[in-house]
Amino acid sequence: MYRRLGNIHWGPLLAALALCAIGLATVSSASAVGGTDYLPRQALWIGIGLIAMLIVFQVDYHTWIELAPVFYAASIAMLIAVLMVGRQVGGARSWLGIGSLGGQPSEFAKLATALMLVRYLNQVRRPALDLRHLLGASVIAAVPVVLVMLENDLGSAAMFGPMVLAMLAVGGLRLRHIACGMMILALLGAGYWAVGARGHQVQRIASFLQPDKDPLGAGYQVRQSKIAVGSGQWMGRGYGQGTQSQLRFLPERHTDFVAAVLAEEWGFLGVLTMLGLYAVFVASTARVAARSRDRAGILLLAGLLGLFAFHVLYNTGMVVGLVPITGIPLPFLSYGGSFMLVNFLITGLVLNVDDRRYVNR
Amino acid sequence: MSRAREDRFHRALLVRRLVRLTGLTLGALALIALGYWRVQVAEGAYYRQLADNNRLRKQRLEAARGWIYDRAGRPLAENIPNYALSIDRSLARDLDATFRFVSKLLAVPTEVLAMRFATARSGPRFAPVVIADHLSLETVARASVEQLEHPEIGIEITHRRLYRLAHQTAHILGYLGEATPRDLRDHPLRYRPGDLVGKQGVEKLFDHTLRGRDGARVVVVDSHGRFKEEFDNHPAEPGQALHLTLDVPLQHAAAHLLEGKVGAIIAMEPFTGEILAMASSPSFDPNRFAGRLDAKSWQALLDNPQHPLQNRALQNSYPPGSVFKIVMAAAALETGIDPKDSVYCRGFSIIDNHRYRCWNAAGHGRVDLRAALKHSCNLYFHHLGQRLDIDQIARYARRFGLGQATGIELAGELRGLVPDRQWSLQTRNSRWYPGETISVATGQGPLLVTPLQVATLMAALANGGALVRPRLVRDEPPAASRRPDPRLHPATLAFLRDALDAVVNEPHGTGHSAHIRGFPIAGKTGTAQVVRQATRTSNQELAPDQRDHAWFASFAPVDHPQLVVVVFVEHGGAGSKVAAPLARALYETFLAGRSRNRPAA
Numbered sequence: 014m015y016r017r018l019g020n021i022h023w024g025p026l027l028a029a030l031a032l033c034a035i036g037l038a039t040v041s042s043a044s045a046v047g048g049t050d051y052l053p054r055q056a057l058w059i060g061i062g063l064i065a066m067l068i069v070f071q072v073d074y075h076t077w078i079e080l081a082p083v084f085y086a087a088s089i090a091m092l093i094a095v096l097m098v099g100r101q102v103g104g105a106r107s108w109l110g111i112g113s114l115g116g117q118p119s120e121f122a123k124l125a126t127a128l129m130l131v132r133y134l135n136q137v138r139r140p141a142l143d144l145r146h147l148l149g150a151s152v153i154a155a156v157p158v159v160l161v162m163l164e165n166d167l168g169s170a171a172m173f174g175p176m177v178l179a180m181l182a183v184g185g186l187r188l189r190h191i192a193c194g195m196m197i198l199a200l201l202g203a204g205y206w207a208v209g210a211r212g213h214q215v216q217r218i219a220s221f222l223q224p225d226k227d228p229l230g231a232g233y234q235v236r237q238s239k240i241a242v243g244s245g246q247w248m249g250r251g252y253g254q255g256t257q258s259q260l261r262f263l264p265e266r267h268t269d270f271v272a273a274v275l276a277e278e279w280g281f282l283g284v285l286t287m288l289g290l291y292a293v294f295v296a297s298t299a300r301v302a303a304r305s306r307d308r309a310g311i312l313l314l315a316g317l318l319g320l321f322a323f324h325v326l327y328n329t330g331m332v333v334g335l336v337p338i339t340g341i342p343l344p345f346l347s348y349g350g351s352f353m354l355v356n357f358l359i360t361g362l363v364l365n366v367d368d369r370r371y372v373n374r
Numbered sequence: 106m107s108r109a110r111e112d113r114f115h116r117a118l119l120v121r122r123l124v125r126l127t128g129l130t131l132g133a134l135a136l137i138a139l140g141y142w143r144v145q146v147a148e149g150a151y152y153r154q155l156a157d158n159n160r161l162r163k164q165r166l167e168a169a170r171g172w173i174y175d176r177a178g179r180p181l182a183e184n185i186p187n188y189a190l191s192i193d194r195s196l197a198r199d200l201d202a203t204f205r206f207v208s209k210l211l212a213v214p215t216e217v218l219a220m221r222f223a224t225a226r227s228g229p230r231f232a233p234v235v236i237a238d239h240l241s242l243e244t245v246a247r248a249s250v251e252q253l254e255h256p257e258i259g260i261e262i263t264h265r266r267l268y269r270l271a272h273q274t275a276h277i278l279g280y281l282g283e284a285t286p287r288d289l290r291d292h293p294l295r296y297r298p299g300d301l302v303g304k305q306g307v308e309k310l311f312d313h314t315l316r317g318r319d320g321a322r323v324v325v326v327d328s329h330g331r332f333k334e335e336f337d338n339h340p341a342e343p344g345q346a347l348h349l350t351l352d353v354p355l356q357h358a359a360a361h362l363l364e365g366k367v368g369a370i371i372a373m374e375p376f377t378g379e380i381l382a383m384a385s386s387p388s389f390d391p392n393r394f395a396g397r398l399d400a401k402s403w404q405a406l407l408d409n410p411q412h413p414l415q416n417r418a419l420q421n422s423y424p425p426g427s428v429f430k431i432v433m434a435a436a437a438l439e440t441g442i443d444p445k446d447s448v449y450c451r452g453f454s455i456i457d458n459h460r461y462r463c464w465n466a467a468g469h470g471r472v473d474l475r476a477a478l479k480h481s482c483n484l485y486f487h488h489l490g491q492r493l494d495i496d497q498i499a500r501y502a503r504r505f506g507l508g509q510a511t512g513i514e515l516a517g518e519l520r521g522l523v524p525d526r527q528w529s530l531q532t533r534n535s536r537w538y539p540g541e542t543i544s545v546a547t548g549q550g551p552l553l554v555t556p557l558q559v560a561t562l563m564a565a566l567a568n569g570g571a572l573v574r575p576r577l578v579r580d581e582p583p584a585a586s587r588r589p590d591p592r593l594h595p596a597t598l599a600f601l602r603d604a605l606d607a608v609v610n611e612p613h614g615t616g617h618s619a620h621i622r623g624f625p626i627a628g629k630t631g632t633a634q635v636v637r638q639a640t641r642t643s644n645q646e647l648a649p650d651q652r653d654h655a656w657f658a659s660f661a662p663v664d665h666p667q668l669v670v671v672v673f674v675e676h677g678g679a680g681s682k683v684a685a686p687l688a689r690a691l692y693e694t695f696l697a698g699r700s701r702n703r704p705a706a
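If you're matching them up, the sequences are chains A and B in order. To convert, take the position in the first sequence, counting from 1, and add 13; that gives the working numbering. To convert, take the position in the second sequence, counting from 1, and add 105; that gives the working numbering.
Same shape as in the complex, but just chain B (with noise of 0.2 Å):
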């Protein structure tokens, strides 16, 4: 083969396998474009979706919560501006300069900032991190002058909720906290996790219209988190106010009374069954968990032994004392038994081998039916006890409201108990002797009720027989607010008022401590055994907590009632001596209150 056939031999080869290595490559370009039709064409959809995952970011737009407001329109639970600090990792240069400074800010230890942080960042990667809220606007305005140096602090401004009333108001209003695993589940489309939800009272039980819808805001954001513009926006719905029967002035009043004391005060409206005022003491100051939740003096009010979270007022149940001689009386005028029948007190009598004693040890002397109430003679009912069926007792006790929810729109309200044969059998599997049917004639034995029932039974005594539904709300209808009528006598209803009115107001009656000038007011007084004793002590030698409970139930002006007065002070004592004197303040609040409101009258 010649030099130049030979090289154009080897130069056809050399061509043969360029163009081969050629065709790969072009076959390999063109599995390149098959990868990109893949990726663009046929799963296009799905990244241009995690495209907009990328650079959306939905901010949620809190929606304010509704006011809630007194009869006259004062705000008892409002917003008001809280100031958060956060920190924005991605504009830190030195976290622990950035602590450091904080701490400095606050006064918290930077371990401590350190561990809120590393608990709060489980959120969004640049999303800015809050670790401390309710700041002073002291705060606020030292950090603003130092965000030059520090641009990664952050002061973010938010609701939070004020209770102007705090604690005067805990039990009614309730309080907000994070909604629960528990809320979540039972309300998946109202409640998000992180949501500020009502825990407790009306915040609570109106929390669907009070708490609004929340918006939303969409914006565009790049790959730091960084703001670029706005996409979309919802704005937030706000809440609906609220308007309760509560007159501040007056709910003011009954919380400053119990002050220092234990027990529940209420004042309503006889014929409406509005609520003026129900106060209940040891109470708790709402506004100390608006926000966060703060696990130390959440746990001390859990362990508190007086239950600061508990309302007297319905949630608890006490024997009534004397105040039940009312119904005693009703029974005994109803089934025909003659209100001048007389009985002779000596301070104590026999019945079956068992001694009784009146509180009165020096005797009441000769005592009709009015004046048994009047001086609260124990003695004349428990002869009256003997003379009525303890069924019968009980049946009138229903007749009142005693025994059943008053239907109040708070939760968690006790029914009390009425006790009777059947009741006896069914949860105590005994029957029932007569000696408790005396007991019962006074208030004692198994009998309990709460502080709001005794102030529907008063109502109904106020209103000419109606047994009113005990009510918060202004908004709502009071139609619905009516229960079936006691059914009583008009002459047992009058009966009833002129003894109640000689309590209070003939100079020997038991609630004349309560006695205001130119105001009739027609009262019982209560005084409710804890332990039963054997001998007579003094209340002042007994434990605190094995004292007499004070029970003063009342309403006024006797002729055209306008308010229902019910004082119930736990372990306080005598009702003439305790509880009476507070109905007597209560009731001259109201009528400043009625004289400011009305100054030509």
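If we strip away everything but chain A, and leave its shape as in the complex, we get (with noise of 0.2 Å):
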């Protein structure tokens, strides 16, 4: 285990701990005002996510593909049980109860997911995937993505998307396949906006199509935001400071948008540092992808990689107002128990395909 903690690969783990330093700062400020204090279950909540990263890391990678079905179907199992007694949470039921403690077996889900079409797509010994793998990937991916939708998550259920298509890109797509997909995600996509989308999910759309039509309605967080991203100018208002998330003017301010009360307190310096940090994740990332020693690791890493870095482009495209409203937390800074258990799992992963790389060699 030394040996392991001494090859350790720095890289991302740093800069995840800078991240979530930052985060429990962020959080401890946007709560200051909300009558309790995040910080403390933050904190607790980082210390498990370690702890889940270290027995992550300690057990072969291949290994866990190994047992992927056995996840796979713990997962498909739980959110079948969200659907009938989960907590019901902002317009969605995605919530299962466990004592005190919320947990989002969507969140599981994906990584579980990612680890089976890990194990289903290393079959493939050939440059490209052809249209059989392909639709063994699909149905393998849309099981957990229907009912995650069923229990109208939908930014939840989007996560499956970037996920799914990094590691069919880096596994080989063919351009007529990518036509194809595109042309059925386009069909399903207005079948669902025309039969089955929520009031709050079209709302949310309008209103970032034309926030400052309805200020007070469902442009307000579109809004608040801006002002609180915008109002933090280059140096930020000071530490605490931030009158938009200080007078709660900004919604959700520990969690989807914890971005915009770090902007409005520290600044654009502090945003290109968030955002130095991310790109240092993903970078060092790619790295022990380039350098692991097999298929399985790359389109694994491919797979968390997706993942990740669509939660960070997402939410803080959505706090700056480029793309429309939707609860995707930010990977390190958002409070939130089992997304900041599913963050260290990534990490967790990434080191432990960069530990094994000289095995067996």
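Each statement offered as a hint is correct.
Here are the simulated distance ranges between beta carbons:
no. : chain 1 : residue 1 : chain 2 : residue 2 : range
1   : B       : Pro340    : A       : Trp206    : 56 to 62 Å
2   : A       : Trp23     : B       : Ala150    : 38 to 44 Å
3   : B       : Phe336    : A       : Met195    : 49 to 55 Å
4   : A       : Ile197    : B       : Phe336    : 52 to 58 Å
5   : B       : Glu148    : A       : Gly253    : 21 to 27 Å
6   : B       : Gln252    : A       : Thr49     : 26 to 32 Å
7   : B       : Val124    : A       : Leu285    : 21 to 27 Å
8   : A       : Gly253    : B       : Gln154    : 19 to 25 Å
9   : B       : Pro298    : A       : Thr49     : 41 to 47 Å
10  : B       : Ala150    : A       : Asp143    : 54 to 60 Å
11  : B       : His339    : A       : Leu282    : 34 to 40 Å
12  : B       : Arg143    : A       : Trp206    : 27 to 33 Å
The hints are simulated quantities; they were obtained by calculation from the structure and are not laboratory data. We put the beta carbon where it would ideally sit given N, CA and C, even for glycine.
Make the complex out of the two chains shown on their own, each in a separate frame, by following the hints.
Set out below in structure tokens:
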């Protein structure tokens, strides 16, 4: 174990820990006015995350991939359980109560699906995937996605997309398959919009397109978030001094909009620091994948990278009004137990792949 | 290809794709950074401003309006606390329950409350909405007790205007009302929507000094509009006090004397023009619209056929009747007519085939000018009307200030009408008939005067011939108040004073009912016909709006005049019976006040 820790690749880990530190400070500032200080609970989840990361790190990732069907089946079962007895939070039924702590099985389902897809796609010994494998992979991904969509947690369901796409892209996609897939997705999307979209989703997209139309209605969050971000200017208003967050104009301050609090209190320099750390995490993960010894490692990291990077891009883009608002948290910064845990599991798997590159060589 | 080589080939392919994907991701991160740069750096100042707008609320600090005092410093208009009831929606659990509670508290139906709430809520989203004001202290107490149960209910304390003498000073002080769109357009810096501004009288004329300057308090609020801390504070500058020339006891007495009558009473200091009392009846209570405008009672005032809003002392004009004989006498004396010339009055005379009557059908016998004034003999003045030219009469009428505004501070003053040949041609498009001069000679015909003009006329007789400008405001320098002299001979003035002394103080004078022992009053009665009567009918038999106007114009004491009193009672009847006793009562009040102020004298 000590040998392993000695060889650890510090890039992703240091970036993760630095982001956690920023997250702790920002969550504490953001929740200073809310009555509950989330700092101790966030710290607790970081601790749990670190332990989980070490456990994941200890066992060779090939073993995890072998066990994928078990995790996959378990998470499907949990998703079904949520549908039947889950708690409703913010318009979406996606929480499983475990004592006083809530957990979101959909977060773990993503990781299980990633492992399952690696296991499936690893069998392919060709430069590009053929239609059969493409369909097989789609079925593996579709089952949890449909279940999460049934929970009405569209944002979380959407996060499967970039993860699966990244794995398929790295596995090798043919141009005609890409074209077909896009058409199918477009049709599915249009059908969902016409029939299945719930009121708050339509509203969010409409308010994204015209945020100033209804400043006190659905556009309120976008507007208040942009005001918070913009008023930070270069240097920020100072820690604990952000008027938008401290006077509670900003919604979801310690969760989905934590980046707005950071931007308001630390300014553009703070934002650059944060985005820089994410860049470090992404680049060093890519580096780990590049020197990984086998297909399995590369595919796994591609999926994790897709999952992680898309969270970062979507959340930071949403806070500054570049994309419609949906409940997607920011890795390592947003308050939230299961999501924090997933991010550390990702980190653990990255370190795991890096560590095993010398084995059997 | 061996299995290992094939694997390596595939691995390199996969890595190449992954590196491309990573490049894409890092590029997207850079774009996101650009997005933040745009919002934070390029447009940062704009969003900083929006953030400040979010958190800062400007609250108005109402400037206390200046009080208005009488000549002795007694308050006429003051500010008292006004308790208003407001509802803060952000604290209301159940608005319907709130309405039910308030409805019981104020005895106002819930529908009315809901309507007021709906119309008043156009303001800021979280600002409390005022739905009732002028609450009694008892209501305030009952609301306060329930505030634990109903935290959304607030009691706001503002100022409201209280006019101590209510309707008795309404025409002078005026009243307050909400600024009209026109006020806002004309004075964009002085008024803001919803401001209470002076609408009439002194409140309007001196609004700019009375109102002071509102202050502002900027506070930091949270997203629920709840107060957090003070950010900035500019205290309000209270308005300046205004001191009037009025005397509360006299004003009260004058208004009281007119109660139930229609008319005006003026009491004026003869040398300075300071108005001690100016009452007009009927009146209105300005306290009733000191706050929010009550449309119904406002319309009732406008529709009232007796026009309570009109200040009859200066905003309406009437035939002066026999009071005008003073002007006729002055004109006669100044043009060299011998006052000893006499006329025999037998109750009527025929001039140019027209029968003219004296008010005394039995006739006055032989009368000279002094006797004609004392008995108010019409025949004598009919005779004088034949000897004087209308243009000559008009010239003297104007010297006494008739036909022109007196220049008092109040707005809406009428100029009255002094007819002459030019006027006849210009406005009536007809020539002047000599018979009309005979009517004018007894204060009838087209001639019109305001009671205030009569007061300046009497003041000129009293003060030795100066035409004073009536004044209501004490703070003003009196130097500007003098107007051109009527240029009358001292002998003329002396004669008139003596004759008017006789009117009141000699037993058969028409104004004897105003007589006060030891306080010689000089005066002239007037009974102005409203409709021309072909045959003599008793005034009592006429319809109320066709009865004669009663006048009594006076000053006292004769030798050292201190006070001018003019009484006018619309359709009141005979001046000697109706108006003169009212003047006497007012002089008595004046004397009572003087002895109270100088007990040793």
